[in-house]
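These are the residues of each chain, in order.
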Amino acid sequence: KNQVEQSPQSLIILEGKNCTLQCNYTVSPFSNLRWYKQDTGRGPVSLTIMTFSENTKSNGRYTATLDADTKQSSLHITASQLSDSASYICVVSALGGGYNKLIFGAGTRLAVHP
Amino acid sequence: DAGVTQSPTHLIKTRGQQVTLRCSPKSGHDTVSWYQQALGQGPQFIFQYYEEEERQRGNFPDRFSGHQFPNYSSELNVNALLLGDSALYLCASSTDSYSGNTIYFGEGSWLTVV
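Heads up: the protein sequence lines correspond to chains G and X, in order. Residue numbers for the first sequence follow this note's numbering, so the first one is 1 and each next one is one higher. Residue numbers for the second sequence follow this note's numbering, so the first one is 1001 and each next one is one higher.
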């Protein structure tokens, strides 16, 4: 069964600190992995997209890594800001019938405190 | 360039009623997907439309139906509403679900069933 699991479920950090969010997946056949940021009550916003051959991708203070062998990904946030408080969702695309099917994780709720 | 727009933003319906949610994809996008997101959960895939046809469907009952118009806009219809249908309904658009292109989400429609 295609699944995406994220950890931790929630996280509280102080402003300026770094943090790392984890994503483990059992999705086959794998197409790509995406990280989204979702503010409360808003739609998700794309942070990164990585294909099988990419190990790391950065978007400002966000850096995503992908280990396709162990089927793990991480999202590292550097020098956190209050505006980073949101849910971070890992989304893995599975190929099937010629189409991408997106499998969403439940997300990690990050709270950045001053 | 407007992104993905959804309407209405919030609505309250009574159990047993029917609801129609609307989505206009980002300019140049021809593929529209609908997701249901319960509070504290990741989005769950409902279905995807391409060239006015339902191309993929998730594990949702037939009470959930949709339509895509020639201008690529889309509607989600839910009949015989249940209390459990209360959720944020997200529309996402892309150019082609087969590639690793960015998928854009709208801000969602909050549905409360009472």
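These aren't lab readings, by the way, just hints derived from the structure by calculation. All residues carry an ideal CB built from backbone N, CA and C; glycine is no exception. Each hint should be verified, as a subset may be incorrect.
Here are some chain X residues pointing at chain G (derived, C-beta under 8 angstroms) [claimed, not checked]:
id, residue
1, P1008
2, A1038
3, F1045
4, Q1056
5, G1084
6, A1087
7, L1090
8, T1102
9, I1103
10, F1105
11, E1107
12, T1112
Here are the computed distance ranges between Cβ atoms for each label pair [claimed, not checked]:
id, chain 1, residue 1, chain 2, residue 2, range
13, X, R1015, G, A68, 16 to 22 angstroms
14, G, S7, X, P1061, 30 to 36 angstroms
15, X, N1077, G, T20, 40 to 46 angstroms
**Message:** Going through the numbered hints above, which ones does this structure break? Give me the numbers in ascending order.
**Reply:** Per hint list: 1, 2, 5, 6, 12 and 13 violated.
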